[in-house]
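Novice: Each chain is listed here by its residues.
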Amino acid sequence: MIVSVASGKGGTGKTLVATSLALSLRDNYKVQLLDCDVEEPNANILLHLDMNQSQPVYIPIPKVDETKCTYCGKCAEVCAYNAIAVLKNKVLVFPELCHGCGACSYLCPESAITEEGRKVGIVERGDSGHLELIQGKLNVGEAMAPPVIREVKKYIDPANIVIIDVPPGTSCPVIEAVKGSDFCLLVTESTPFGLNDLSLAVEVVRKLSISCGVVINRVGVGGEEVERYCHQEGIPILLKIPLDRKIALLYSKGIPLVEGIPRWREEFLRLFQDIKDIIAASWVAK
Amino acid sequence: MKEIVVLSGKGGTGKTSIVASFASLAQSKVLADCDVDAADLHLLLKPKVKEEKEFWSGRVAFIDEEKCTECGLCQELCRFGAIKDFEVDPLSCEGCGFCYQVCPVDAIATKDSMSGHSFISETKYGYLCHARLGIAQENSGKLVALVRQNAKLIVERENLDYIITDGPPGIGCPVISSLSGASLALLVTEPTLSGMHDLERVIGVCRHFGVPVLVCVNKYDLNEENTYRIESYCGSEGIEVAARISFDNVITEAIVRGLPVVEYSNSKVTQQIKELWQIISAKLEK
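Chains as they are written, first to last, in the numbering used here: chain A, 1 to 286; chain B, 1 to 286.
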């Protein structure tokens, strides 16, 4: 079972929810937490696992053998990203623009192009008992997160409870992280920013045909609009976390909510039961 | 003309509240919202849209099932797993066109995809350039570049002094696109272990692209020990921490009222943001 934790807006508490859920479940299940926010992975700041395995992520980029190249220009013509340019007697490759699609090497009439790996990030793994954390890290200065996210998701074992910490936003890294989930938990806050970005996130999960539920964080300041929106749209509100300086302080120190205030464990176990019920009901409906 | 981009690495640290306040404090400027996949600045600045343009970018493959012989070559070669059962999943397609190039019976075409809208608006604070990336679209970096280009044209046409840009979270493609060539990056962080971790990575990106940085610690009194750590880290890196902003619900209350916080309250926070703007404008005049 795969549950992703997304938000649209950044800083609403995705990582707090994902780590608390993982820690609450690990006594009863084998849990994999995937930190797919590879631009800014933070889950292990709360989990403190020893990430003792590490594997580089490469994008295949073209390498031109100029002894074979006739400068015909086919590679540049087929490259949709302008990552390769052919001059009169020189081929220029722009590695940061290359998506690694492989078209140039396959289509070169002289077989003058091979591929070499360009390192864009790493995937790290660590575990403790029944909890396994896999986190991706995009190299600083690199633009493309999806190849790193794809590598993180290769570790998914569907026999486990898989929790995915999704990056903020609504564009390609979010899609890459969320797709394939059985359920998406959307974490928001009760402000106009939270509502605006929640409604965008709802559009994303609907486009992917994934059922969703909402967690409202920092309840207390702000208005009722988020709740009204959820009722209108028929989206269940599964958990509310109050605005509480103590919770913010625990987070600031890297202490998971369910360890700092253990009674929250019950809340997250109930949240998980609700998610299971919703998934089961949607299977029956199908 | 000087361009200030406000970034943070971690989402939800207060970028938009600070940019909206600068909008109210600064003279002679254009505002730009480069968080194109979850834009919120318009909720505080209340723009009247004057110009709206469709943003066409990228391509998506389509298979003509009448012509397709189901040979499977495209599926085998697609590196993005975007073709299944002889159908293209537009959400996974990266528009490389490899399938179109290799199809032996010319059954595949690529079409331009409309990936969003860009806007030029008027607000009571001056022009706002913003955009909305379509749900689940790619090319957020290109849309960011378009927003910046719109802002530059206005600044030159109206002979203004500043572009003030609200940046996206993270360190990937839209951040790089918001940042390159800017005069100064203001990095808004918070005294949490996640905020600190993400600050280090975004400093790395700014350095990679040669953009000078200033740091501001929001909610500094949530955890003063961490604030001190941020300041000593920045000190050792030769980076100026230009402001400490108090942890105060007035920032959220101002969002709920739809106002820049400096117009909503006369609290300490307002004073701190005013001083921050003075430091920035003095720095840019040098």
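No wet-lab data here; the hints were simulated from the structure.
Wrong hints could be hidden among the right ones.
Each computed BS3-like pair below joins lysine-lysine, with the alpha-carbon atoms no more than 27 Å apart [unchecked claim]: (1) B/Lys-142 to A/Lys-207; (2) B/Lys-152 to B/Lys-274; (3) B/Lys-142 to A/Lys-253; (4) A/Lys-153 to A/Lys-119; (5) B/Lys-268 to A/Lys-74; (6) A/Lys-154 to B/Lys-84; (7) A/Lys-119 to A/Lys-30; (8) A/Lys-74 to B/Lys-274; (9) B/Lys-268 to A/Lys-119.
No experiment lies behind these values; they were computed from the predicted model shown.
Novice: Do the alpha carbons of A/Lys-74 and B/Lys-274 lie within 27 Å of each other, as the hint requires?
Specialist: Given pair A/Lys-74, B/Lys-274 is violated - Cα atoms ~57 Å apart, limit 27 Å.
Novice: Take the C-alpha atoms of B/Lys-268 and A/Lys-74, compute the straight-line distance between them, and say whether it is at most 27 Å.
Specialist: violated (63 Å)
Novice: Compare the distance between the alpha carbons of B/Lys-142 and A/Lys-207 with 27 Å, and conclude whether the hinted pair is satisfied.
Specialist: holds (23 Å)
Novice: Run the distance test for A/Lys-153 versus A/Lys-119: straight-line Cα separation, threshold 27 Å.
Specialist: holds (18 Å)
Novice: Given the hint that B/Lys-142 pairs with A/Lys-253, test it: the Cα-Cα distance must not exceed 27 Å.
Specialist: Violated, because 37 Å separates the two Cα atoms, which is more than 27 Å.
Novice: Please verify whether B/Lys-268 and A/Lys-119 have alpha carbons no more than 27 Å apart.
Specialist: violated (46 Å)
Novice: Holds or violated: are the alpha carbons of A/Lys-154 and B/Lys-84 at most 27 Å from each other?
Specialist: Roughly 18 Å separates the two Cα atoms, so the pair holds.
Novice: Quickly compare the C-alpha distance for B/Lys-152 and B/Lys-274 to 27 Å and report which way the hint goes.
Specialist: Since the Cα atoms of B/Lys-152 and B/Lys-274 sit roughly 25 Å apart, the hinted pair holds (cutoff 27 Å).
Novice: Is the straight-line distance between the alpha-carbon of A/Lys-119 and that of A/Lys-30 27 Å or less?
Specialist: Not satisfied, since the Cα-Cα distance of roughly 31 Å exceeds 27 Å.
Taken one by one, the earlier hints fail for this structure at numbers 3, 5, 7, 8, 9, listed in ascending order.
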